[in-house]
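Q: As you go down the protein sequences, you meet chains Y and U in turn.
Its first residue numbered 128, the first sequence is counted upward by one per residue in our numbering.
Its first residue numbered 212, the second sequence is counted upward by one per residue in our numbering.
Mixed in with the good hints, there may be bad ones.
Stated by the list, open to error - Residues of chain Y clear of chain U, computed beta-carbon distances all greater than 10 Å:
no.: 1; residue: Ser134
no.: 2; residue: Arg141
no.: 3; residue: Thr142
no.: 4; residue: Glu144
no.: 5; residue: Glu149
no.: 6; residue: Met154
no.: 7; residue: Asp155
no.: 8; residue: Lys198
no.: 9; residue: Ile204
no.: 10; residue: Glu206
no.: 11; residue: Ser209
no.: 12; residue: Asn211
no.: 13; residue: Thr213
no.: 14; residue: Ser238
no.: 15; residue: Val239
no.: 16; residue: Leu240
What the hints assert, rightly or not - Covered stretches of chain Y, going by a simulated chain U footprint (3 or more residues, C-beta under 8 Å):
no.: 17; stretch: 168-177
no.: 18; stretch: 227-235
By construction, these hints were calculated from the structure, which means they are not laboratory data.
Every residue gets a Cβ at the ideal spot worked out from N, C-alpha and C, and that includes glycine.
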Amino acid sequence: DVKVTQSSRYLVKRTGEKVFLECVQDMDHENMFWYRQDPGLGLRLIYFSYDVKMKEKGDIPEGYSVSREKKERFSLILESASTNQTSMYLCASSTVRGHEKLFFGSGTQLSVL
Amino acid sequence: RKEVEQDPGPFNVPEGATVAFNCTYSNSASQSFFWYRQDCRKEPKLLMSVYSSGNEDGRFTAQLNRASQYISLLIRDSKLSDSATYLCVVNIPNTGNQFYFGTGTSLTVIP
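Please put together the full structure from these sequences, using the hints given.
A: Below, the structure is given as C-alpha cells:
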C-alpha cells in the first residue's frame with residue numbers, strides 16, 4: 128500500500144514562528160501536493176511539485192513556501208505563522224503514469240495562537 | 212465557476228436506506244473521476260474510481276455521464292459506518308492543479 132507520512136498530527140505554534148511541515152511518500156511518486164482544508168471551503172491547493180527541486184504555486188500560495196530536495200520528501204514552510212493559517216494541512220502524492228490517483232497523508236492540524 | 216460542484220447536504224438517512232449523491236464538473240477535458248470518503252478530522256481516502264461504464268463495489272455504485280458532465284454515487288442498505296463526508300474529485304490532465312475537488316457531501320446514517 129502507498130504510504131504518505133506527515134511528521135506531526137497536531138501542532139501548536141505562536142504568531143511569527145517559522146513552521147515546517149514535513150511529508151514523505153514511499154511509492155516513488157513524481158507528484159506531491161500540499162492542501163489546506165477549512166470548514167465550508169473544502170480542500171485548497173497551496174503548492175505542488177512534479178519533480179525534485181521543482182515547485183509550482185497552487186491557488187493560495189501566499190504566506191507559504193515549499194522545498195523538494197528529494198523525490199520522496201515535500202516540505203511546507205510557513206515563514207512567519209499567522210492566526211489565519213490555523214487549519215488542517217494535508218499532503219498528497221500521485222503518479223504521472225496511467226490512471227492517476229491521489230493518496231493523502233493523515234494530516235496535520237495546525238493551531239497558530 | 213467552480214470546476215466541481217456538489218450538494219453539501221447534509222443528508223440524514225435511516226439505516227438500510229438508499230442514498231444518492233451527484234456531482235457536476237465543468238471542464239470537458241476531465242479524464243478521471245473519483246469518490247473519496249473523509250471521516251471527521253481524518254484524511255480523505257479513495258472510495259472508488261468512476262468509469263464510463265459504471266462500476267460497483269458491494270453496496271456502492273458509481274456512474275459517469277460524460278454528455279451531461281456529472282458523476283453519481285449510490286449507497287444501498289446504508290450502515291451507521293457509512294456516516295462521513297463524500298468528496299467528488301476530478302482529474303484534468305495537463306493542468307497545473309490536476310485534481311479538482313468538490314466541497315463534499317455530508318452523510319449521517321441514523322439508527
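Q: Each hint needs a verdict: does it hold in this structure or not?
A: Cross-check of the supplied hints:
1. Ser134: Its Cβ never comes within 10 Å of chain U, the nearest being 14 Å, so this holds.
2. Arg141: Since the minimum Cβ distance to chain U is about 23 Å, arginine 141 of chain Y lies beyond 10 Å and the statement holds.
3. Thr142: holds, 24 Å
4. Glu144: Fine: 23 Å to the nearest Cβ keeps glutamate 144 of chain Y off the interface.
5. Glu149: Its Cβ never comes within 10 Å of chain U, the nearest being 16 Å, so this holds.
6. Met154: holds, 14 Å
7. Asp155: Label holds. Min Cβ-Cβ 18 Å, cutoff 10 Å.
8. Lys198: holds, 18 Å
9. Ile204: holds, 20 Å
10. Glu206: holds, 23 Å
11. Ser209: The assertion about serine 209 of chain Y holds, with a minimum of 22 Å to chain U.
12. Asn211: Asparagine 211 of chain Y clear of chain U: closest Cβ-Cβ about 19 Å, beyond 10 Å.
13. Thr213: For threonine 213 of chain Y, whose nearest Cβ neighbour in chain U is about 14 Å away, the distance exceeds 10 Å, so it holds.
14. Ser238: holds, 13 Å
15. Val239: Non-interface label on valine 239 of chain Y holds, nearest chain U Cβ at 18 Å vs cutoff 10 Å.
16. Leu240: Holds, because the least Cβ-Cβ distance between leucine 240 of chain Y and chain U comes to about 19 Å, which exceeds 10 Å.
17. 168-177: Our answer is that it holds, as 5 residues pass the Cβ test (under 8 Å) against chain U, meeting three.
18. 227-235: holds (count 8)
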